[in-house]
Each structure stands twice: as structure tokens, then as C-alpha cells.
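Trainee: Respectively, the protein sequence lines represent chains Z and A. Per full-length UniProt numbering, the very first residue in the first sequence carries number 1; after that it's consecutive. Per full-length UniProt numbering, the very first residue in the second sequence carries number 1; after that it's consecutive.
There's no promise every hint is true.
[Unchecked claim] Covered stretches of chain A, as calculated for chain Z (at least 3 residues, CB under 8 Å):
(1) 4–16
(2) 54–65
[What the hints assert, rightly or not] Chain A is nowhere near these chain Z residues, computed Cβ spacing over 10 Å in every case:
(3) SER6
(4) GLU32
(5) ARG74
(6) ALA75
(7) PRO84
(8) GLU86
(9) GLY184
(10) GLU239
(11) PHE286
[Claimed, not checked] Here are the simulated DSS-like pairs of lysine-lysine, each with C-alpha atoms no more than 30 Å apart in a straight line:
(12) LYS84(A) with LYS209(Z)
(13) LYS250(A) with LYS228(Z)
(14) LYS7(A) with LYS127(Z)
(15) LYS7(A) with LYS209(Z)
(16) LYS277(Z) with LYS7(A)
(17) LYS228(Z) with LYS84(A)
(18) LYS84(A) with LYS127(Z)
(19) LYS166(A) with LYS277(Z)
(20) LYS166(A) with LYS108(Z)
(21) LYS140(Z) with LYS84(A)
(22) LYS228(Z) with LYS7(A)
Source of the hints: derived by calculation from the structure; they are not laboratory data. For glycine and all other residues, C-beta sits at the position ideal for the given N, C-alpha and C.
Residue-level listing of the chains:
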Amino acid sequence: MPPIISVRNLDKVYASGFHALRDVSLDIRRGEILALLGPNGAGKTTLISIICGIVRASSGTVTVDGHDIVRDYRAARAKIGLVPQELSTDTFEKVWATLRFSRGLFGKAPDPAHLEKVLRELSLWDKRDSKIMTLSGGMKRRVLIAKALAHEPSILFLDEPTAGVDVELRHDMWRMVRRLRDEGATIILTTHYIEEAEEMADRIGVIAKGELVVVEDKATLMRKLGRKQLTLSLREPLERVPDVLADQPLELAQDGHALVYTFDTQTEETGIAALLKRLAEQGIDFKDLHSSESSLEDIFVGLVHGKPQQAAA
Amino acid sequence: MNLHAVKAIYRFEMARTFRTITQSIASPVLSTSLYFVVFGSAIGSRMGDIGGVSYGAFIIPGLIMLSLLNESISNASFGIYMPKWAGTIFELLSAPVSFIEVVLGYVGAAATKSVMLGVLILVTARFFVPYQIEHPVWMLGFLVLTALTFSLFGFIIGLWADDFQKLQVIPLMVVTPLTFLGGAFYSIDMLPPFWQRVTLFNPVVYLISGFRWSFYGIADVDVATSAFATLGFLALCLVAVWWIFRTGYKLRS
Ligand SMILES: Nc1ncnc2c1ncn2[C@@H]1O[C@H](COP(=O)(O)OP(=O)(O)OP(=O)(O)O)[C@@H](O)[C@H]1O
Ligand SMILES: [Mg+2]
Numbered sequence: 001m002p003p004i005i006s007v008r009n010l011d012k013v014y015a016s017g018f019h020a021l022r023d024v025s026l027d028i029r030r031g032e033i034l035a036l037l038g039p040n041g042a043g044k045t046t047l048i049s050i051i052c053g054i055v056r057a058s059s060g061t062v063t064v065d066g067h068d069i070v071r072d073y074r075a076a077r078a079k080i081g082l083v084p085q086e087l088s089t090d091t092f093e094k095v096w097a098t099l100r101f102s103r104g105l106f107g108k109a110p111d112p113a114h115l116e117k118v119l120r121e122l123s124l125w126d127k128r129d130s131k132i133m134t135l136s137g138g139m140k141r142r143v144l145i146a147k148a149l150a151h152e153p154s155i156l157f158l159d160e161p162t163a164g165v166d167v168e169l170r171h172d173m174w175r176m177v178r179r180l181r182d183e184g185a186t187i188i189l190t191t192h193y194i195e196e197a198e199e200m201a202d203r204i205g206v207i208a209k210g211e212l213v214v215v216e217d218k219a220t221l222m223r224k225l226g227r228k229q230l231t232l233s234l235r236e237p238l239e240r241v242p243d244v245l246a247d248q249p250l251e252l253a254q255d256g257h258a259l260v261y262t263f264d265t266q267t268e269e270t271g272i273a274a275l276l277k278r279l280a281e282q283g284i285d286f287k288d289l290h291s292s293e294s295s296l297e298d299i300f301v302g303l304v305h306g307k308p309q310q311a312a313a
Numbered sequence: 001m002n003l004h005a006v007k008a009i010y011r012f013e014m015a016r017t018f019r020t021i022t023q024s025i026a027s028p029v030l031s032t033s034l035y036f037v038v039f040g041s042a043i044g045s046r047m048g049d050i051g052g053v054s055y056g057a058f059i060i061p062g063l064i065m066l067s068l069l070n071e072s073i074s075n076a077s078f079g080i081y082m083p084k085w086a087g088t089i090f091e092l093l094s095a096p097v098s099f100i101e102v103v104l105g106y107v108g109a110a111a112t113k114s115v116m117l118g119v120l121i122l123v124t125a126r127f128f129v130p131y132q133i134e135h136p137v138w139m140l141g142f143l144v145l146t147a148l149t150f151s152l153f154g155f156i157i158g159l160w161a162d163d164f165q166k167l168q169v170i171p172l173m174v175v176t177p178l179t180f181l182g183g184a185f186y187s188i189d190m191l192p193p194f195w196q197r198v199t200l201f202n203p204v205v206y207l208i209s210g211f212r213w214s215f216y217g218i219a220d221v222d223v224a225t226s227a228f229a230t231l232g233f234l235a236l237c238l239v240a241v242w243w244i245f246r247t248g249y250k251l252r253s
């Protein structure tokens, strides 16, 4: 199946002269959840804004379900719902009125039943007649989500949907996103919570300094870049790693009270058995050991600092 | 065209009007009525007729135009400036609409509001000053055309302004002087010949003159000229909005 969104060689230079996106190409698959990660100012919002028609690209093309976003903007935009990063709401309006407005704006005939469904799912039904300014921050964010869903879009952009949202609500939101995906929608979200991407995404894209560093299936990314560490708590602290073990990927930690062994999860042979034998030969005794797997966060930090290989080392 | 979008914007804007009815309708009607009391009844009785029309009746078309211009500009500029200021404009920019839907919705609502206001002032004036309307169809035509044109002009100001001061500066520094010097309170042949000629560069003169003609059949300038001048300004504003949306000027970075 052709990708639902196809981004080709996208460049963005803002009027200030700032180069926010550099040659970004990306295919978004129909029905997937794609998480975009990247530090503040990486260009995530810029990329989303270009696809949605809010910011103009300096060069490059984007097609949405085969429709060019410039030439055929009506067809392209009608398919998209956007929840922006900023909490911009019509303060003086009532929830219901803003939803009706959003639906109409995107060219759909009124459908109170659909709006009711959306509001109920976001636990906002009781608030339908409240002015938006009387709502809490988390509720306002849900109003924005409801507005984005009002016209039944097949593609949903969520720019940091869970910033400032409590744990329970975050889980509700994840559930909703999954259900939307199960109904066939494609979802693109940005987040600074790595566990959110890990939990939700089918694929993960990492943007740093305007460049798309990597896009990968989540599992592949984890496998490719993941590493495990074995930490041994020593009975007697060491001053340095013995010379005979210098060929091993070993480091001292906790002032010499712990020895950390790093190994690749992809290899069949971890080398742990051999290591333990050699430690015994050296008379290095340990009282405890535990292993840990690198999280997406470690991978992410490695990527953003431009050292992907090191992250995998 | 996306008719649902036009309807949605229009409804939304009209709802805003009725929510702020005191400020958007009641207060301009009240302040214009004060003019009728002061100039029409109190001072007017001591002034001579102009072109066979009592002073109190003479100033009615001009006063209505004055309110119409101010309110059209402020309604329409505010209507589009608010979403820009609050950030909610993102929705409009990401929606499947062109400048046509946006203008029809926003400017249509602002103009509707102005026409309602104009009619209300006209009705209110009746309580203070007797007047007649010789060409009611033309009168309505000028009313609607002026409301549309200046709502469009206000819309452009709202798009252009990036702070509250800019939003106010054109109405205060340009429009108000032009309307006061546009012949609302006098006939331009009461001016010295030099100023008569200068005045002809003031577009508001044409509006007021044409509008007054529809009431009493007296005009400072030819009615056809008035109508064409207004239509010309409308066309100019339309081109400006089209250009703004086409280039993304001040809207899309
Ligand atoms: N209108 C603008 N004019 C000039 N520079 C801009 C503009 N909008 C964004 N930028 C710059 O472009 C860069 C990318 O911004 P963007 O908002 O896309 O980042 P982001 O990845 O979404 O960051 P965050 O995680 O903080 O939301 C930033 O350095 C920002 O300062
Ligand atoms: Mg952002």
C-alpha cells in the first residue's frame, strides 16, 4: 500500500534565517502510530505545521493520501486533524459551540451524535455547555483533541498531547489513540516522554537539529541500538580494572564498588560465563549482580548527540 | 467551495455578536442617539435648512455612515485579530478553505452586524427627528455596500495588525478624521472653494453624499460617481485580501 503521507526533501528556512528543517524525507504508513522524538527546537512542530498547512515549506513536497498539500490543499487538509502543542482555545466560547465550528470548518455537515460520542469518550460531555475559560488545563487539551476529531479525520497529528496531563488521563488518552488506530486512523505524535513512545508507537522517528536522524520500527530500533549491562557489586572495591581484563568492555562504578559489563543484545554469545570464570581466576568476588536493558531514552540520547554507534557499543 | 465552513464561521461570529450585544450594538446606537438629541433637536432648531432639509434631518445619513464605518471596521478587524492573538487561527490555516470562504464568513458576519446596527439607528432617529427616504432601495443598497466594503477593510487591518496598537491606529488616525471631514455635519459647498476640491480626495465624501441622496435627493457629488467609488474601493480590498492569503503575508510563516 502506498504511504498515507509522503514527505520529500523538505527544507524550511524561517524568515529570521533560521534553518529549521534540512532535507527531511519520510513516509508515513497507513494505520500506524508514528512517534516523533527530538529535543526542544529540533523541528518537530515545524514539520507537522508544514504538513497541516500552517507553515509554508521553503522547498520539497508533501502528499497526503496522494494529494499535494499545496496544489490540492482542500483534499489533503480535509483528511487531517491537528492537536497543536500550544493550548490555544476560544476562551469565551462554550465547548459544544467550538466543536460544531471545527466540524463545519472542515467541510462536514453537522452531526450532533458524532460530537457527543467524541465528548463522552474524552469525559467532556458534562462540560459541553461550559465556557472554555472555566476548564482546567488538562480539560482544555482534551477540548483541542475533541475539536481535532470533530470532522472524523483519517490522520491525526498530536503535538505533545500529554504535556501537563495527569497519569490517569494519559492512560485514557493512550487507550483512545489505540482505538482510533484500530479503527483505521493514522496517528503521528510527538512527545518528550520516552516511555510514551515506547508504549504507543509502531515506529519511531528521531529529529535533531532539523534532520531526521532515524525512522525505524520500534522493536528494530530497540534491537539494533539496544544494549544490556551487567552490574556486579564487588565485595572488595577495586582501584582499576585489572590489566588482564583490559580487553573486556568493563568499567568501574560506584567508587570501585561495582563493575559494569556492557554487551550487545544482538549477539548469541554474551560472554558472561567466560567473564565470570575469569573474574574468579583473578580472585574478584562479588556479592550481587543484576542486568539492565537500555531504554529508548538511552538510545535517544545517543542518537541526538550524534553518536549512534556508541549507543550500540 | 466549502459551504459548511462559510456557515460555521458566520454562525460563530454572529454568536459572538449576540454575546457582546451591549458593546457591539447597544452602545453605538446609544451614542448616535445622543448626536440626534444634541444636533437634531437642541442645536438643529437654531440652524438654517441645508438644500431645503432641516439640519436635524440633514445629518442623519452622515451619522449613520459614521457609525457604520466605525463599527464595520472594528467588528471585522477584531473578529480576525482575536484568533491571531489567541493562537486559534491555526485551525483556520489548517482547514480546507480558501480566502473566499474565510472572507464570506468573517466579513459577511461583520457586515450583517453593521447593517443591523444601521437599521436600528435609523429607527431610533425617528423618535427625535422627522425624515423621509426618497429612494429606499438605493438607501439599502448603499447601506449594504458600505457595510461590506468597510468590513472588508477592517478585515485587512485585522490581518495586518500584529498588536493592539496597530489595530487601533488606522481607525483612529485615518478613518475618524476622514468621516468627520466627509460631510456628515455639513454640505461641502459650504466650504471655501479650495477645500471643496481637497475634500473630493476623501472617499467618505462619496459614501455620505450618495447615502444622503437616497434620503432627500440632494447630493454633493453625482450618485453614480458615489456608487462607483464605493465599488472601486470594495474591489481594491478584495484584491488585497486575495493577495494576503495567496502569499501568506503575516499569516503563514
Ligand atoms: N516562526 C518562526 N520564526 C523563526 N524561527 C522559528 C519559528 N518557529 C520556530 N522557529 C525555530 O525553529 C526551530 C524548530 O522549532 P519547532 O517548534 O519546530 O521545534 P520542536 O521540535 O517542536 O521543539 P519543542 O520540543 O520545543 O516543541 C526552533 O529553533 C525555533 O526557534
Ligand atoms: Mg514543538
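Trainee: Check each numbered hint against the structure and report the violated ones by number, ascending.
Mentor: 2, 5, 6, 7, 8, 13, 15, 16, 17, 19, 20, 22
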